[in-house]
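Q: Take a look at the letters that make up each chain.
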Amino acid sequence: MARMKFLCDADRCIECNACVTACKNEHEVPWGINRRRVITLNDGKPGERSVSMACMHCTDAPCAAVCPVNCFYTTADAVVLHSKDLCIGCGYCFYACPFGAPQYPRVGNFGSRGKMDKCTYCSGGPEADLSTIEYEKYGSNRLAEGKLPLCAEMCSTKALLAGDGEMIAQIYKERVIKRGYGSGAWGWKTAYRETIAI
Amino acid sequence: MRQPSHLGTLAMAALVWASVGLTQPAHAVNAPDGAPNPTASSVNEDLLFRQAPTIGGRVSIPDAKAANLIQPQGREWRDFRESWLPWIGGLAILGMIAALALFYFTRGRIRLEHSEESGRKLLRFNGFERFTHWMTATCFIVLGLSGLNYIFGKRLLMPLIGPDAFAALSQWAKYAHVYLAWPFMLGVVFMLVVWVRDNIPNRIDVQWIRQGGGFLGDQHPHAERFNAGQKVVFWMVIGFGFAMSATGLVMLFPFAATDINGMQIVQGVHALIGVVFIAAILAHIYIGSLGMEGAYDAMGSGEVDLAWAKVHHDLWVKEQLAKTASGPQLGRGQVPAE
Numbered sequence: 455m456a457r458m459k460f461l462c463d464a465d466r467c468i469e470c471n472a473c474v475t476a477c478k479n480e481h482e483v484p485w486g487i488n489r490r491r492v493i494t495l496n497d498g499k500p501g502e503r504s505v506s507m508a509c510m511h512c513t514d515a516p517c518a519a520v521c522p523v524n525c526f527y528t529t530a531d532a533v534v535l536h537s538k539d540l541c542i543g544c545g546y547c548f549y550a551c552p553f554g555a556p557q558y559p560r561v562g563n564f565g566s567r568g569k570m571d572k573c574t575y576c577s578g579g580p581e582a583d584l585s586t587i588e589y590e591k592y593g594s595n596r597l598a599e600g601k602l603p604l605c606a607e608m609c610s611t612k613a614l615l616a617g618d619g620e621m622i623a624q625i626y627k628e629r630v631i632k633r634g635y636g637s638g639a640w641g642w643k644t645a646y647r648e649t650i651a652i
Numbered sequence: 050m051r052q053p054s055h056l057g058t059l060a061m062a063a064l065v066w067a068s069v070g071l072t073q074p075a076h077a078v079n080a081p082d083g084a085p086n087p088t089a090s091s092v093n094e095d096l097l098f099r100q101a102p103t104i105g106g107r108v109s110i111p112d113a114k115a116a117n118l119i120q121p122q123g124r125e126w127r128d129f130r131e132s133w134l135p136w137i138g139g140l141a142i143l144g145m146i147a148a149l150a151l152f153y154f155t156r157g158r159i160r161l162e163h164s165e166e167s168g169r170k171l172l173r174f175n176g177f178e179r180f181t182h183w184m185t186a187t188c189f190i191v192l193g194l195s196g197l198n199y200i201f202g203k204r205l206l207m208p209l210i211g212p213d214a215f216a217a218l219s220q221w222a223k224y225a226h227v228y229l230a231w232p233f234m235l236g237v238v239f240m241l242v243v244w245v246r247d248n249i250p251n252r253i254d255v256q257w258i259r260q261g262g263g264f265l266g267d268q269h270p271h272a273e274r275f276n277a278g279q280k281v282v283f284w285m286v287i288g289f290g291f292a293m294s295a296t297g298l299v300m301l302f303p304f305a306a307t308d309i310n311g312m313q314i315v316q317g318v319h320a321l322i323g324v325v326f327i328a329a330i331l332a333h334i335y336i337g338s339l340g341m342e343g344a345y346d347a348m349g350s351g352e353v354d355l356a357w358a359k360v361h362h363d364l365w366v367k368e369q370l371a372k373t374a375s376g377p378q379l380g381r382g383q384v385p386a387e
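First to last, the protein sequences are chains D and Y. If you number the first sequence the way the working numbering does, the last residue is 652 and the count never jumps. If you number the second sequence the way the working numbering does, the last residue is 387 and the count never jumps.
Warning: the hint list may mix true and false statements.
As the list claims (entries may be wrong) - Computed footprint of chain Y on chain D, listed as stretches where at least three residues anywhere in the stretch have a Cβ under 8 Å from a Cβ of chain Y:
1) 496 to 502
2) 578 to 592
3) 610 to 617
Stated by the list, open to error - Just a sample of chain D residues kept apart from chain Y, beta carbon distances all over 10 Å, derived:
4) Ala464
5) Pro552
6) Ser566
7) Glu607
8) Met621
9) Thr644
Honestly, the hints are just simulated from the structure, not real lab data. Computed from a predicted model, the values in this text were never measured in an experiment. Here a beta-carbon is modelled for each residue, glycine too, at the ideal position from N, C-alpha and C.
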């Protein structure tokens, strides 16, 4: 089985936000929830850089560790998913997540959060693959159809890569060698405790 | 002449090479085709982490929290919550239970000393005081149990009842924790108002502490309405109560007052004070019920036995009796005809 990862080649990201829009549309993500977003560092200054960020599907995921009801699980493809039936919306996963991935619909008073929502790596949830209930709770399941996450698939500059960690690292390495520069795999040290050596 | 000059050129070249190597980042080298690196001046992850502990920028969506790119502090918060907190909480609470059990089995229940005044009743806490106490106490018990569920539930309860039942229970526990926080906060404020007057520390307390509160010897030190031990409980409830309220309010309105790192610290403080608070209140529950005969009546019916009161709060009894020798302070029908 593959070890699925995301890699954003920041030298290529042009902050078009198409990945954000594609994600929202593909999964019918409600208003106020962003499974993916593009962050611009040093905005408007020399040295500006944009990085597309979502759940990184960490190795030894912090969200899963701190969850008080153990609603997280890791799939055979190393994708970190969770059950909205078990989630109580406590917000702990957001405190632990290094990437700000967990999102909560606001459902009531006193900041009471609804069931957490986050990037599923386009692979649904614990419900039966490609079922209506899975789509309603977690969005579409492209992985079950043999497709990769839509954000990366439709990235116009191919800055965002998704797929098996070793394969996308290889693609990135070849790019860096060919063009002669690269700023590294953003977030990999924090998510997977490794970087891509070139 | 030629030799030194050649050496000098070499040394200069070495210096220039070294300084270039030091100042130019590794990614600034030109592409194999000689084209310059268009992003050579851009920031990178290592550089940003050297400047600040988190990496953040600008996002085009309204959610300001989303502007954080990487916050590795989540890992430290995780270590606190998963490695430290269960041990600190477990030791504090089990340690207190063990200490109370040890006290009970060695010292035993503190018995009511009977005298000729046994049976006469004296009003100790009026209706409002008792209402305040029990409202706060009921909330505290639910808040304490639902709070402990966040730490120990998945370790102790979930293996027993299964993930689905446990998640449903935890959902209701969360609602209880969020909503009962309000009457609890109100109760703490009420307590401050009705009891602060009788809880100002004074010289009698010093004497009470010096005599070990009557726990150690046979002699009962003087005490007014509240002895030094009760004053400690009062001020602890006020202090911890306000600290729990303040940190709790920050969490009830997440990210309204602080950012992600602030939320992590606030949650840690809330949890730490919470477990210590629970352990301390266990001692209060013990001495007010099982630990001392006659003590429960004060908060139960509100009326205490005069014999008990004279032993434990002699100065207060004197004051009360002087105020109303046969007035409403004395229990109905139990006043001896004089």
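Q: Now look at each hint and say whether the structure bears it out.
A: Quick rundown of the hints versus the structure:
{"no.": "1", "hint": "496 to 502", "verdict": "holds (count 5)"}
{"no.": "2", "hint": "578 to 592", "verdict": "violated (count 0)"}
{"no.": "3", "hint": "610 to 617", "verdict": "violated (count 0)"}
{"no.": "4", "hint": "Ala464", "verdict": "7 Å, violated"}
{"no.": "5", "hint": "Pro552", "verdict": "5 Å, violated"}
{"no.": "6", "hint": "Ser566", "verdict": "6 Å, violated"}
{"no.": "7", "hint": "Glu607", "verdict": "22 Å, holds"}
{"no.": "8", "hint": "Met621", "verdict": "22 Å, holds"}
{"no.": "9", "hint": "Thr644", "verdict": "5 Å, violated"}
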